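Undergrad: Take these sequences, add in the hints, and give me the full structure.
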Amino acid sequence: MSLLGTSSSDAWPLRAGRRPFVVLLALILTVGTLVSDAVAAAGPTGSGAASTPDRARYDVALRSDADGGHWTGRQRVSFRNASDRPLREVYLRLWGNGEDGCGTPGGPGAPGVSSPVVVSGVRGGTADPLTVNCTALRIALPKPLAHGKRASVAFDVSITVPDRNARFGREGAVRFLGNALPVLAVHDERGWHLDPYVAVGESFYALTGDFRVRLDHPSGLKVPATGRTWTRPGGPGRTVTLSVAERVRDFAWAAGPFRTATQTSHGGVRVRAYWAPGTSAAGVRLSREEAVAAIDRFGREFGRYPYGEVDLVMTSGFGGGMEYPGLVLLGTTEEGGAVVHELAHQWWYGIVGNDEYASPWLDESFAQYANFRFYGLETDDCWSDVYWPDDGTELTASMGYWSQHRGEYHLVYTAGPCALFDLERTLGPGAMARLLKGYARDHWFGVSTTEDFKRAAQSMTDGDLGPFWESHHIG
Numbered sequence: 086m087s088l089l090g091t092s093s094s095d096a097w098p099l100r101a102g103r104r105p106f107v108v109l110l111a112l113i114l115t116v117g118t119l120v121s122d123a124v125a126a127a128g129p130t131g132s133g134a135a136s137t138p139d140r141a142r143y144d145v146a147l148r149s150d151a152d153g154g155h156w157t158g159r160q161r162v163s164f165r166n167a168s169d170r171p172l173r174e175v176y177l178r179l180w181g182n183g184e185d186g187c188g189t190p191g192g193p194g195a196p197g198v199s200s201p202v203v204v205s206g207v208r209g210g211t212a213d214p215l216t217v218n219c220t221a222l223r224i225a226l227p228k229p230l231a232h233g234k235r236a237s238v239a240f241d242v243s244i245t246v247p248d249r250n251a252r253f254g255r256e257g258a259v260r261f262l263g264n265a266l267p268v269l270a271v272h273d274e275r276g277w278h279l280d281p282y283v284a285v286g287e288s289f290y291a292l293t294g295d296f297r298v299r300l301d302h303p304s305g306l307k308v309p310a311t312g313r314t315w316t317r318p319g320g321p322g323r324t325v326t327l328s329v330a331e332r333v334r335d336f337a338w339a340a341g342p343f344r345t346a347t348q349t350s351h352g353g354v355r356v357r358a359y360w361a362p363g364t365s366a367a368g369v370r371l372s373r374e375e376a377v378a379a380i381d382r383f384g385r386e387f388g389r390y391p392y393g394e395v396d397l398v399m400t401s402g403f404g405g406g407m408e409y410p411g412l413v414l415l416g417t418t419e420e421g422g423a424v425v426h427e428l429a430h431q432w433w434y435g436i437v438g439n440d441e442y443a444s445p446w447l448d449e450s451f452a453q454y455a456n457f458r459f460y461g462l463e464t465d466d467c468w469s470d471v472y473w474p475d476d477g478t479e480l481t482a483s484m485g486y487w488s489q490h491r492g493e494y495h496l497v498y499t500a501g502p503c504a505l506f507d508l509e510r511t512l513g514p515g516a517m518a519r520l521l522k523g524y525a526r527d528h529w530f531g532v533s534t535t536e537d538f539k540r541a542a543q544s545m546t547d548g549d550l551g552p553f554w555e556s557h558h559i560g
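The working numbering numbers the first residue of the sequence shown as 86 and each following residue consecutively.
Simulated from the structure, these hints should not be mistaken for laboratory data.
Do not rely on the hints blindly, as some may be mistaken.
Straight-line alpha carbon distances no greater than 25 Å define the calculated SDA-like cross-link-like pairs of lysine to any residue that follow [stated by the list, open to error]:
id : residue 1 : residue 2
1  : K522      : E493
2  : K539      : S556
3  : K522      : T349
4  : K539      : R385
FRET-style restraints, in silico, Cβ to Cβ [to be verified]:
id : residue 1 : residue 2 : range
5  : A225      : A284      : 28 to 34 Å
6  : P229      : L327      : 34 to 40 Å
7  : S556      : S304      : 56 to 62 Å
8  : T478      : E419      : 33 to 39 Å
These figures come from a predicted structure and were not determined experimentally.
Ideal Cβ positions, reconstructed from N, Cα and C, are used throughout, including at glycine.
TA: In structure tokens form, the structure reads like this:
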């Protein structure tokens with residue numbers, strides 16, 4: 086994710102030619118409101134509590150209204166218990182309710198009080214009332230699910246796109262449906278991960294799963310989506326967009342009167358561009374060129390992009406950028422947008438996963454490091470532009486900390502890349518390249534932690550990296 090809107094051309098270090106680490110703290114402070122930390126819910130813990138449920142399969146069928154702002158249908162989720170302990174419940178995360186919580190009178194789905202994402206008619210378990218500000222739904226299973234066994238739950242879902250320009254929101258005739266679909270929460274040795282939603286940054290944490298999605302919509306709307314997509318005729322005046330996505334952590338889509346163009350990279354990745362009326366033609370052209378180059382370069386550096394297709398959704402007014410598996414949302418001016426940073430996220434969080442609430446540096450700092458390397462920016466003096474307000478602040482802090490210290494959150498985008506460039510100078514460029522490619526390979530479709538990365542880096546040198554981690558606030 087990039088935080089700042091593209092209207093502040095010198096404020097965000099995403100393109101060549103800009104000062105790489107100038108950050109306008111006041112803008113970060115006004116982007117959104119973060120909420121306080123929360124502990125994971127209680128649940129079975131111990132050595133048998135592997136990350137579960139896993140191998141999820143999501144089957145989704147939705148139908149939209151005339152402008153793509155309201156979608157209704159059904160969703161089925163099957164899953165396996167990977168833990169040695171019986172699984173007695175699952176949680177769905179309704180991240181689309183994060184901004185609005187449990188709703189306001191006259192809000193999405195009016196009349197009455199409701200949230201943008203409503204789940205009803207649960208089958209395959211017994212649903213409790215929503216918790217965590219209406220972003221978590223506990224479903225008790227009919228009987229304990231043994232290790233290695235599968236079960237499923239199904240439910241009706243209603244999605245109303247909020248009236249705000251955001252990753253789950255709208256801009257003009259365009260609808261953005263990021264984090265709109267309910268997804269399974271993760272349980273591990275800490276219990277259930279039920280962290281609160283944050284408006285700046287991300288709280289999202291999911292294991293990979295497979296999605297089969299059917300989106301029925303008016304033929305006047307184009308619908309870019311996660312996965313490999315194709316269309317077929319629907320009812321009168323309607324089109325069905327079908328998508329299959331394998332080993333992804335989320336599913337997002339958009340809807341609008343987009344213009345489109347497709348180009349295949351030298352490495353065989355299909356880059357599909359969708360842009361709204363009024364988007365800068367020069368910016369669209371530049372973003373497409375950079376996307377084609379970046380998807381291949383990162384494939385060489387971190388491992389071949391596994392999904393075959395990536396969609397760029399571009400508008401003139403979207404604030405910054407936001408990444409989803411196989412799809413990125415981009416505010417685009419004549420100077421382009423944050424396309425390289427967001428495509429780097431296809432590896433750092435998308436393929437090599439992490440708990441974005443607990444360890445935001447593992448995706449944002451790594452994506453920004455890749456972004457700077459792509460543009461060949463000079464980083465020898467990058468620390469001169471980093472404002473570190475408190476020596477006690479850890480780069481590896483969670484969103485629970487950043488939510489209380491919003492003026493310091495820029496560090497994951499500034500100090501984080503600086504630390505990785507210092508590590509590159511410590512290990513040597515060749516060793517750093519081998520470290521990142523090997524680390525990505527070893528965590529492909531898995532989950533990264535700070536301790537995992539520190540161990541991998543230590544294995545690349547005979548010297549003790551302990552002082553390095555301490556001096557760079559990497560706990």
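Undergrad: Each of the hints needs a verdict: does it hold here or not?
TA: Status of each hint after checking the structure:
Of the pairs offered as hints, the one joining K522 and E493 is violated, with about 30 Å between alpha carbons and a cut-off of 25 Å exceeded. A distance of roughly 14 Å separates the Cα atoms of K539 and S556; the hinted pair therefore holds under the 25 Å criterion. Note on K522 and T349: the hinted pairing holds, with a Cα-Cα distance of about 24 Å set against a maximum of 25 Å. For a cut-off of 25 Å, the pair hint linking K539 to R385 stands: about 23 Å separates their Cα positions.
Distance hint for A225 and A284: a CB-CB separation of about 31 Å, consistent with the stated range 28 to 34 Å. In this structure, P229 and L327 meet the distance hint of 34 to 40 Å, their C-beta atoms being roughly 36 Å apart. With their beta carbons about 59 Å apart, S556 and S304 fall inside the hinted range of 56 to 62 Å. Checked against the hint of 33 to 39 Å, the C-beta distance between T478 and E419 comes to roughly 37 Å, which is consistent with it.
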